[in-house]
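S.K.: So the chains spell out like this:
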Amino acid sequence: MAIRVNPKLIDELETYGAADVQNCYHCGNCSATCPFSKEPFVIPRRSMRNLQMGLEEKLKGTFEPWLCYYCGECSQQCPRGAEPGETMMSLRRWLTSRYDLTGISRLFYRSWKAELAALILVSLVTMVAFLVMGFSLGHGSLGVYAGAGALFPDHLVHILDLALAGLLAAVLLTNAIRMWWLTTGRNRNLHISLWSYVKNVFLLPYHFLFQARYSQCEKKLPWLTHLAIFLSWVTMEVLVILLLERFHSPETVWAAHVFGYLATIGLLGGTIYAMVGRVRKRETHYKHTHPTDWMFLILIAGAAFTGIVQHASYRWLGLDSVANIAYLIHMMFVVPLLAVQIPFSKLSHLAYRPLAMYLATVHTDALASQQAGAAQTEPVRLAA
Amino acid sequence: MEELKIGVFICNCGSNIAHHVDVDAVREAVEAMPGIAIARSYKYMCSNPGQEMIARDIREHQLNRVVVAACSPRMHEKTFRNACRNGGLNPYLCEMANIREQCSWVHSDQLAATEKAKALTNAAINRVRYHEPLESLTAEMCPATLVIGGGIAGLTAALELADAAHQVYLVERTATLGGNLARVDLTAPHLDSARDLLTERITRVRANSRITLMLNSELQSLAGYVGNYAAIIRTKNGSGEVQERKVDVGNVVVATGYQEFDAGRITHYGHGKLPNVVTSFEFEQMLRKGRIETRHGKLPQYAAIIHCVGSRNKEFHPYCSRVCCMTALKYAHELKSANPACYVSDIYVDMHAFGKGHEDFYKTTSEVKTLFLMFEKNERPVVRKAGPNDDCEMLIEVNETLSRERIEIPADLIILMVGMEARADSGEVARLVNISQDQEGWFMESHPKLDPVATTTDGIYIAGTCAAPKDIPDTVAQARAAAARILGKIAKGKIEIDGVFAEVNEDRCSGCRMCNELCPYSAIEFNDQTRRSHVIPAACKACGACVAACPSGAIKGRHFTVEQLHAQIDGVLA
Amino acid sequence: MSFEPKIVGFLCNWCSYTGADLAGTSRIQYPPNIRVIRVMCSARIEPDFVLRALASGADGVLICGCHPGDCHYSEGNYKAMRRYPLLKRMLKDYGVDNDRVRLEWVSASEGQRFADIVTDMTERVRALGPLRIKTDLQTDMVER
Amino acid sequence: MAAKKLQIALYWGAACGGCDVAVLDTNEFILDVAAVADVRFWPIAVDGKYSDVEAMSDGELDLALFDGAVRNSENEHVAKLLRAKSKVLVAFGSCAYMGGIPGLANLVTKDEILATAYLSNASIEPGNQTVPRARSAVDGMTLEIPSFYRRVYRLQDVVDVDYFVPGCPPAPDQVKAVLLAVVKGELPPRGSVVGASERAVCDDCKRTKSEKKVKSFHRPFEIIQDSSRCLIEQGILCMGSATRSGCGVRCPNSNQGCRGCYGPLPGVSDHGAKFLSALASIVDSKDPKEIEHILDGLPDFISFAYRFGMPASTLQRSYK
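Residue numbers (this note's numbering), protein chains in the order written: chain A, 1 to 384; chain B, 1 to 574; chain C, 1 to 144; chain D, 1 to 320.
When the alpha-carbon atoms are kept at most 25 Å apart in a straight line, the in silico DMTMM-like pairs for lysine to aspartate or glutamate are as follows:
no., chain 1, residue 1, chain 2, residue 2
1, D, Lys-206, D, Asp-226
2, C, Lys-92, B, Asp-570
3, A, Lys-58, B, Glu-408
To spell it out: a stretch of chain C is covered by chain D in this simulated footprint if at least three of its residues, at any positions, have a beta carbon under 8 Å from a beta carbon of chain D; those stretches are:
no., stretch
4, 51-65
5, 94-106
6, 131-139
To be clear, the hints were calculated from the coordinates, so they are not data collected in a lab. C-beta: ideal position from N, C-alpha, C; glycine also.
Produce the complete structure using the sequences and hints provided.
M.R.: As structure tokens, this is what we get:
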């Protein structure tokens, strides 16, 4: 059945950051240089083509953009300056907005003012909530940072963290299922055995933690910076969720704190490096910056910095009230970061990328077995 | 017959001949034959010393015949004829024996190769005994030229000739000048106006006193040969009655152009049935009126351009019509500039952007967001009316090659890039001026690479799209090339007719007229008064068909007479 | 020593002679039994030449021209196409085996084809043995 | 003193006697000849014997007209005898000049001829099949008859011939012209053909000639002919375009195609091959199969092409 061409889709993708896609005349240089473009995936040319022709259903049905780690080689090779790298980035943004049923992600990507407003709103709400919680419910005082009478007692913060984590996990999970459905579930002629699903499950945590695929790119530095930021962020999460009390105990438990310091350095260093890169625009993947990229970086950097201030003022300077204020501001960065960025914006890729890797392997196995079946019918060709 | 003094020169050609043929044995075998004044062998006969040796021997030994046993006559016959001429001997008194391409290179057995070389040399000697000196004839060259076709090619050629102060008769079938170019608004890739190109030419043609412009006229007949053609032109004036006028010309430039492919022949495109499917020329009319709109006066939101309509496929024409790709890009630009909100899809087979500035033009067309869709040339798209809930007039279904998807393209207006084909009446024009056509009906040039504007018939030149599809720069270049060739001949004043042609011995011709119909160049005229046939030397191409067929043996094939060939047969079997 | 037939070849300048030259430049080997006479067009070859060649000692005659439609003079080869079958019928009545006289179309690019034709014809005429018209005519004049 | 009378002789080799009759056809003119010439030897008309000729001195005869081909040893013997005895020996008529109708025998072997004549012929009763032999014993005597050559020769193949007069038979006025030329001594250089034109029959033929394109060949009786139009254009075989004129276009004027008895034009070495070349060239077809079909309309073309000149053809006989 013929698929309807929709020339208007390109205009829509321009709002997601794509540019000059129409210049591509399919010489195939990009796919030739892309290290990940191997059968059955043609990265980035197939997506460029489907985008040019406005085949929305096809675009929604592919996870190829998630297999691209924006090394920027393709954009350098492109004779027509069609920026395939940036197009793939914009496709990831567009896909994120497709997976999110609420439509909020689409709103944020289409107008950065909306997203900024949302962020500010959420951070204000967080501030008010914490203050109300701190002064009224917990009867804490500004001057006390830890222990009984602390402005923000550990157990309250825990409840808040867990609640937030649960909410985010739920949202992410629905979007991930929708991603599975769009790319694999509704695909009639792809028969994937349950065993194949189970067998490859280990890929999810593996890619989540190590971004193994990113390491296969030619230049290793981008992978390392990303890994540093990511691991630091995970460490912080773990520390905050599990060892919060230990942090607030008077003596310094070096065994935990050293991880804290490392994670903070990783987060701060990585984000500053990324921001400087995006300002200088020397590497290809830092040439084009979408507003959402800025907001994402600013939030992390802000969270990390305020984290340090809070820790230093409490741990080293003993200024509890300053620590409390710092902690409040810290939360005003962290909550919007988690509440907005994860489900509706850039950070959701932490779920989509590992899932894409996993699905890629599952797809390849399924296709291989189907072809194997087909291979028998191929006429055998004896060695020359 | 004067006493024969034959010089035989046998070439080693380095080792090419000497490697398999014992050259000295051949020389010794030939030396003793009657009439041989001198027999030599030499390393490279075609070298300057080799040629000088021939000239010197002719003078010193008063040679009146020369035989050169060396490579193929197709290679160096001219060289050795010149050598004889330099020695003061008529060039036609020289004969070659091919003992390289047809002997040493193809027979490794040295004994057999040498025997064969002897036989071939002996045959050449036998033949050269009967050679007669031949002089090339000259004929006056009439400086006037007939140009058929008033398009850009005809206009350019006419101007070029008239500017060189020569009389030109420009014959145009229709009432207006400009031909196909007059039906075009802008030209690719610089979007300059076709009207400006033409008006400049037409005003100069009308102003030039040396160009006799004959509109509504056709060539009725053309008789004679290069330099001496008599053309009869038939003109229909306003009131429908016909006058005929005879003009004498030396050369003819055929610039009759092309006709567009009838898009109706491809039923899938629905031209003629769906109102908004237009051909490129119909779209040009829209552009000239300055308003791009569908038949219902609506600005098209979706426009589609389909390439290769009638070109590059098995069913209609295998060749590429060369100009449609850039014209299609021009339309994409014009559509977008007329209505920026219009989504243009360009459905093509391959993008032939071969000329100057074409690739950039292709790139800028991409930049204005034209959607390029490729299809396989023999799997043409199908156009159908869209359904009620579609937001477009028509849908084009095609297998898109780049994405290997079967797609449907929305279109409110479809422009068919119709290809070029030979004019329906090109057969008559070809017969009138006695030139041949290839199987597609295009006129055949004398040599596709070395001689593109001349034809195998001397004095008849072809320029522009009547020979093959081409764009304006090539057409103008060919028109000027044809004019230059003619000016070269006019400057010489006389035309040289090669000495080799057929000749009727009127004392022997019985008027049986067996030969009249055999000549494809109608070079044999029958004189009703004297009841004798006569060969026109200039028109005769020396194929020898009439010589062999004349039952009285009254037609002599100069340089290929019966005596010469009989002698060669006996010689080769000696 | 096996019988070496003498074959006279009449080749047209524009196609078959050029094809034979191409066989040369490509060094395609073929038997030396053929001796080529160049004419401008196969239309110039008269049946009389064939008979004269046979009477002068040839064991076979090969006539070559351009493929129909390729003739440099546009219709020359059609004349050869018409004369050859009538000559072939006459030769049959003369008792000369039809394999001894052949008409073949060879284009300027068919060097290999020319070599194959010459090889094939040489073998066929060798199998037919010597024609011996020349010697027979000489003995006619002596013994009655 | 009265001019010495011309001594002339006529003889007939393998002939039908038509040429001798042609001499008489000059009607009263023969009396003028008789007035100026003595016919010393003319087997058909006067009683001269071989012994009379053998008794003559060499060159005694001023003119000898030899008609008929050389088919057996007697023809050759007399030819050599007359050659010796006469100043001018003329091959008179197509048989002597080109082999004529008897010459067609060269298409078959001597044995086939004898078998057809004496063995397998319908009119021979079985058991009475005797084949003539050069020497045979009859009534105790040996009977010698001239030996039957294995092929037919032209006069010039056995002796030197001074002049050739073509025609089967030569037209009476041509005979008269030849005799007058001899009487007046105005003869062209030795070896040339006399009594015929240097142009083909078409030159004198009154039929209108236009461009020649033949789609099919017919026998004269098969179609209704247009007597004003060239025969070959109507597909009727006529060798006039390749044959010397001089006969007064007798055959085409009686709606019958010329058969070429006056021989080829000067410079043409093979009469039949030349006509073949012309005829085939005007076959109006470019398709090999259609050409073969058209040529099927010419059964036994060799016999038509060399009807009067098989021994004069390049191959002279068949090699079956």
